[in-house]
Amino acid sequence: MNKKKEKQKNTFEKIYEVIKTMASKPSGLIGLTILIFHVILAITSPLYVPYDYKAIDPTLMLTPPSSEFWFGTDSLGRDVFTRTILGGRTALTVTFFGSLIALLWGGSLGIFCGLVGGKIDDVVMRVIDAFLSIPWILAMLLIVSLLGTTTLVLIPALGFFYGKGIVRVARAATHDVIAKDFIVSARARGHSNMSIIWNEILPNVRDAIMVEGAMRWSWMLLGFSSLSFLGFGVSPPTPDWGLMISNARGLMSFAYWAVLAPIFGLSSLIIGINLTADAFAKALGIDRSTKAPV
Amino acid sequence: MKTTVQKINNLTIGFQSQKGEQISILKNISTSINQGETVGIVGESGSGKSTLALAMMGYVKHGLFTISGECMFHSNNLLEMKNKELENIRGRKIAMIPQNAGQSLTPNLKIGYQIDEALRLHTDLKQTERDEKISELLNKVRLPSPETMAQRYPHELSGGQQQRVAVAMALAGSPELLLLDEPTTGLDVTTQAHVLELLNFIAKDTGTSMVYVSHDLGAIAQVSDRVIVMYSGEIVLDGPVRSILKNPIHPYTFGLLKSIPKLSLPGLPNSMSGSQPQPGSIKKGCSFFERCEFADDNCKLNSPSLEFIEELNTSVRCFKHNELLNLNKIDSQNIKSIENKILKNEILDLSDVSISYAKQKFLDQLLNKINDTNPTVKDINININKGETLALVGESGSGKSTILKSIAGLLKTKDGNIKFGKDKTLSNDLRQRDPSFLRAIQLIFQNPDESLNPNHTVEEIVSQPLRLYFGLKGQELKDKIIEVLDKVRLGEFYLTRYPRQLSGGEKQRVAVARAFAAKPDIILCDEVTSALDVSVQAAVLNLLQELKEDFGTTYIFVSHDLAVVRAISDRVAVLYQGRLCEIGPSNNVYKFPSHPYTEVLLGAVLEPDPDIKPKLVAEDIVEEKPPENGCSFQGRCPRILGDICKNEVPPWQTGENGNSIRCHIKIEDLKNQQISN
Ligand code: SF4
Ligand code: SF4
Chain A
1 MNKKKEKQKN
11 TFEKIYEVIK
21 TMASKPSGLI
31 GLTILIFHVI
41 LAITSPLYVP
51 YDYKAIDPTL
61 MLTPPSSEFW
71 FGTDSLGRDV
81 FTRTILGGRT
91 ALTVTFFGSL
101 IALLWGGSLG
111 IFCGLVGGKI
121 DDVVMRVIDA
131 FLSIPWILAM
141 LLIVSLLGTT
151 TLVLIPALGF
161 FYGKGIVRVA
171 RAATHDVIAK
181 DFIVSARARG
191 HSNMSIIWNE
201 ILPNVRDAIM
211 VEGAMRWSWM
221 LLGFSSLSFL
231 GFGVSPPTPD
241 WGLMISNARG
251 LMSFAYWAVL
261 APIFGLSSLI
271 IGINLTADAF
281 AKALGIDRST
291 KAPV
Chain B
1 MKTTVQKINN
11 LTIGFQSQKG
21 EQISILKNIS
31 TSINQGETVG
41 IVGESGSGKS
51 TLALAMMGYV
61 KHGLFTISGE
71 CMFHSNNLLE
81 MKNKELENIR
91 GRKIAMIPQN
101 AGQSLTPNLK
111 IGYQIDEALR
121 LHTDLKQTER
131 DEKISELLNK
141 VRLPSPETMA
151 QRYPHELSGG
161 QQQRVAVAMA
171 LAGSPELLLL
181 DEPTTGLDVT
191 TQAHVLELLN
201 FIAKDTGTSM
211 VYVSHDLGAI
221 AQVSDRVIVM
231 YSGEIVLDGP
241 VRSILKNPIH
251 PYTFGLLKSI
261 PKLSLPGLPN
271 SMSGSQPQPG
281 SIKKGCSFFE
291 RCEFADDNCK
301 LNSPSLEFIE
311 ELNTSVRCFK
321 HNELLNLNKI
331 DSQNIKSIEN
341 KILKNEILDL
351 SDVSISYAKQ
361 KFLDQLLNKI
371 NDTNPTVKDI
381 NININKGETL
391 ALVGESGSGK
401 STILKSIAGL
411 LKTKDGNIKF
421 GKDKTLSNDL
431 RQRDPSFLRA
441 IQLIFQNPDE
451 SLNPNHTVEE
461 IVSQPLRLYF
471 GLKGQELKDK
481 IIEVLDKVRL
491 GEFYLTRYPR
501 QLSGGEKQRV
511 AVARAFAAKP
521 DIILCDEVTS
531 ALDVSVQAAV
541 LNLLQELKED
551 FGTTYIFVSH
561 DLAVVRAISD
571 RVAVLYQGRL
581 CEIGPSNNVY
591 KFPSHPYTEV
601 LLGAVLEPDP
611 DIKPKLVAED
621 IVEEKPPENG
631 CSFQGRCPRI
641 LGDICKNEVP
651 PWQTGENGNS
661 IRCHIKIEDL
671 KNQQISN
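These protein sequence lines map, in sequence, to chains A and B. Per this note's numbering, the first sequence starts with residue 1, numbered consecutively. Per this note's numbering, the second sequence starts with residue 1, numbered consecutively.
The shape of chain A in the complex, shown without the other chains:
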C-alpha cells in the first residue's frame, strides 16, 4: 500500500516534470496553450453558446460578421461563431478515443512482434505493410458506408487505420531493448513473458509509443475532418469543422467568414497538437528527426 502511494506520487511528479520542461520552450508553451484552450472550449462551450446551433433563419442568410453575429452566419442563417466553438467537440472526442485505440492495439502488436521476432514478426509486418499501401480513405469510406457513420464505427475504424504507424514504432523500440542484458537477465531469472513485457520492456518503449500516438492524433484529426468534408463523418446538423468547410466552400468568394472560421479552428488545433507532441518528444529525450520511422 505504502509503496503504491509512493509510486503514484512519483508518476505524478514525473508528469509534472515533463509538462514543466515542455512549457519551458516557447513552441511547447504555445502548443500546450492552444491544446488546453481547445479542450476547455470543447468541454464547456455548450454552457455559453450565444445561439442555438441548429436554429435556421432564412432572413439572416450569409450575414457578414457583426457585433451581433461575431463570425457572421452561414447559408442557412445559422450563427457561425456558435457552430465554430461547438464544431471541435465531436472531432476531438472521436480522434482522442481513436488515438487511444490506435495506441493500444498498435503498441501491443508492435511490442509483441518485437518480442517474438522471427517468422511471426515477418508475416505480421508484411501484412501491415500491405495495409499501409491501400489508401486508407478508400477503406474508411467502405467501412463507413457499410456500417454507418456513428461514433461507435468511426472511433475503432480510425483507431485501426492510424495504429499501423504505431506498430512500427513500438516494434522498432522493442527491438532496441530486447537484446539488452537486462531482458536476458529477467529471462534467466525466470520471469514470465507478461512480466517481462510489463516491467522491463514497457517502461523503455512507452515514451516512443506515446509520442508517436500524439503525432498520430493530429493526423487522425485531419483524417476525420476529411471524412466529414466528404460527407462521411458526422451527420448534419451537428456542427463539425470538416462539414462546415465543405458546406461553405462554394460560397467562399462572397462569404469567406463561413469557411475561414472552421478552417481556423481546425488548423489551430492541429498545430497545437503538433507543437505539443514535438515538445513532448523533446521533454522525454526522443529525437524525432533521427527516429522518424515511416
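It is possible that some hints are incorrect.
To be verified - Derived BS3-like pairs: lysine-lysine, alpha-carbon spacing no greater than 25 Å straight-line:
1. B:K93 <-> B:K140
2. B:K204 <-> B:K93
3. B:K613 <-> B:K671
4. B:K7 <-> B:K84
5. A:K282 <-> B:K19
6. B:K478 <-> A:K14
7. A:K20 <-> B:K19
8. B:K140 <-> B:K613
9. B:K19 <-> A:K25
10. B:K133 <-> B:K204
11. B:K424 <-> B:K519
12. B:K246 <-> B:K204
13. B:K473 <-> A:K14
14. B:K386 <-> B:K422
15. B:K519 <-> A:K180
16. B:K419 <-> B:K344
17. A:K282 <-> B:K61
18. B:K140 <-> B:K615
19. B:K405 <-> A:K180
20. B:K519 <-> B:K422
21. B:K412 <-> A:K119
22. B:K591 <-> B:K666
23. B:K344 <-> B:K422
24. B:K19 <-> A:K14
25. B:K412 <-> A:K180
26. B:K258 <-> B:K615
No lab work stands behind these hints, which were simulated from the structure alone. Small disclaimer: the values here were computed from a predicted structure and weren't measured.
Given chain A, put chain B with the ligands in place with the hints provided.
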C-alpha cells in the same frame, strides 16, 4: 638536444554548464612531446585523456571550447588554425589511430583502395609510386602477402589485422606525430601483444613520435618512454616510464598500481575507495583529496601545483611526494590472499556438454534434433564444488560465455548434461526449469549499463528477484532491499536513484546486489569487471570475494583478463575454440602452465612493468571455426607434432601439479621444452 614536436602550454578546455558556469575538463595542461619519443597518457574514464589527445590534433569536441592556453605544433597553435590549414597537418604531419579500427574503415571498399586514398590525400605520390607504397606499408605493419591483402574487404580481416591496416593508413602520410587512442582495447591478449610490439618497432624504425592514450597500464608500460598520468583533468605525474611505474610518487598512481591484479602474485589486490569527482565539483584543494590515504588539512584547502623533482626527472602534483618516495623503498606487498572453504560436494556437473550455434534445418527444428558434427563448444567435462571459484578463460571465440549461457539455460545444449548437485539434471529449456534451480543460479553481466533497466530505480531493480522468488511485499520487501544494498555497501538513499545517476562501480554493485538477493548457490560472472575502471575493479573483486565468504556461494567466473582471474579463482579452465585445453588449480596453472596454448596465452599478458616483456610464441592469426579433427589448437600451436595433432583428438593427462591438459606431448616433455626455450 632533441627537437620538440609538440608543446602544450597551460591548456584549459571546458564547457559552459546550464547555469552558465565554466567547467573545465582539462586544467592547465603543460607538457611537450619530443621527436622520436613515445609518450603514454594514462587515466581512467573522465580523466580528460581523450580530450587531450584530440586537442593535440587541433580538435575540440562539439560543446567544448578552449578556455585558455595553446597547443603548439612546431610554431603553429593548432587550436587557432583554420580548418583549411589544419587539413594540411592532419593526416600528413599528425595522424590518429582510433580505438575501433574496424569501425573506422569503410566496409564496402577494399583495403588497398582505402590506403591508396589516404596516400592520395596526404602525399604527392604518383599512381605507380602509390601502388608500391601500399605494398610497402602493408609489409611494414606485417600483414601477410600484401598483394592479396590489398584486395580484401575490412570484414574479411580479424580485429588485429584491421588495427594493422589502420596503422598502415596512419603511416601513409609519414606523420611526425602519431596519436593512438586506446588502440588495443578490445583486442585479444595475444593480438594485443603483437600489435604493441609492432608499434614499438615502427617508432624505432621511423623515428615517429607517438602519443599512446590508454587506461591500461600494462600496454602503456610496454610502449612508452615517458608516461603522463591524468586525474580529473589534471596532469598529476609526468616522467620516465620506469620512475612512474616502479616508484610512483603520487598517491593516485601509487594506489592505482596496487589495485591492479598481477600475474605474478596470487590474491586480491588492494582496492581504492571512491571514484573520480565530476568535472566542476572540486572548487578548491587537491582533486584527489576525497580518495587519498595521505591527505591532510592542507590538501583540502590548497591545490598542489606540478612540481619537478630533479632526481627522478619527474613532475608531480602532490604536497607529500617525499613521503611516498620513502614508502616506495619498502616494498609494501599487502595483497590479500583468498581462502575459500571448498566443500567436497559437487554443486554443478557438466558432462560431455556440446553447444552448437549452427542454424538448424527446418525439419530438424521440428524434430528437435541438432545436426552439427563440429559444434562451437564440444566435450566439456567440468565438476564444480560448492564454495569454489572456477574461472573460464580464453580469447574471443573460445566459447567461455557460451558455456555460461548454457548453464543459465539461455542457450540449449546439443549433447551432454548439466547436473545441479549430484543428480538433478537441469532442463535445457529455461521455461521448464524448476523455479528453485532458476533461483539457485544467478547471472552478473559485463556491462551494468546494459544489464540494469534504465527506467527502473535501484529499489525496483533489487526488488525483482525478491518478489519473484520469495513473494515479498510492502515493508518486508523494502527492509530486505535495504539489507541487500547494505551488503554491497550502498546506503538507503540509493533506493530512489536511477542507474544513470550512479557511477560505473555503483551500478555494478547494484547488479551484484540483485544477484545476491535471490540467495543463489551459484553465481555466473560474465566479464563482470571489464567495463569498469581499474581502481573500481579491485573494489568490486574484493566485494565479490567477501560476499562469497559470507554466503558460501560458488562462482563461475568468465574473463579475458588473466590477471583478474588469477586474483579471484581457485581453479581455472583454459578454453580454445570451444574445447578445453587445460584445467587445474589456479596457482599451478599460472606457475606451471603446461598446455602450449596456456603458455602462449600467459606469455602474452602485459604487466604494468616495463621490465617484464610479453613472450610472443605463436602467431596471432584468428581462426573462424574449430578444426574438424584433431587438436583444437593445431592451427597456432608452436609445438605441433605433425599428423597426430591434426587427426587425433589429444587425450587427457594429469601432471604432478594437478593440472590436467589435453595434448599429445607428455606433460613432462612440455615442461622440459619450456625450460630449454
Ligand atoms: S596533495 Fe594531498 S590529497 Fe592531494 S594527492 Fe597529495 S597527499 Fe593526497
Ligand atoms: S596436441 Fe599437438 S597441436 Fe595440440 S597442443 Fe599438443 S602439440 Fe599442440
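Results for each hint:
no. : hint              : verdict
1   : B:K93 <-> B:K140  : holds, 19 Å
2   : B:K204 <-> B:K93  : holds, 17 Å
3   : B:K613 <-> B:K671 : holds, 21 Å
4   : B:K7 <-> B:K84    : holds, 22 Å
5   : A:K282 <-> B:K19  : holds, 20 Å
6   : B:K478 <-> A:K14  : holds, 22 Å
7   : A:K20 <-> B:K19   : holds, 18 Å
8   : B:K140 <-> B:K613 : holds, 22 Å
9   : B:K19 <-> A:K25   : holds, 17 Å
10  : B:K133 <-> B:K204 : holds, 20 Å
11  : B:K424 <-> B:K519 : holds, 19 Å
12  : B:K246 <-> B:K204 : holds, 24 Å
13  : B:K473 <-> A:K14  : holds, 24 Å
14  : B:K386 <-> B:K422 : holds, 11 Å
15  : B:K519 <-> A:K180 : holds, 24 Å
16  : B:K419 <-> B:K344 : holds, 16 Å
17  : A:K282 <-> B:K61  : holds, 23 Å
18  : B:K140 <-> B:K615 : holds, 21 Å
19  : B:K405 <-> A:K180 : holds, 15 Å
20  : B:K519 <-> B:K422 : holds, 20 Å
21  : B:K412 <-> A:K119 : holds, 20 Å
22  : B:K591 <-> B:K666 : holds, 18 Å
23  : B:K344 <-> B:K422 : holds, 12 Å
24  : B:K19 <-> A:K14   : holds, 22 Å
25  : B:K412 <-> A:K180 : holds, 19 Å
26  : B:K258 <-> B:K615 : holds, 24 Å
Taken one by one, the earlier hints all hold for this structure without exception.
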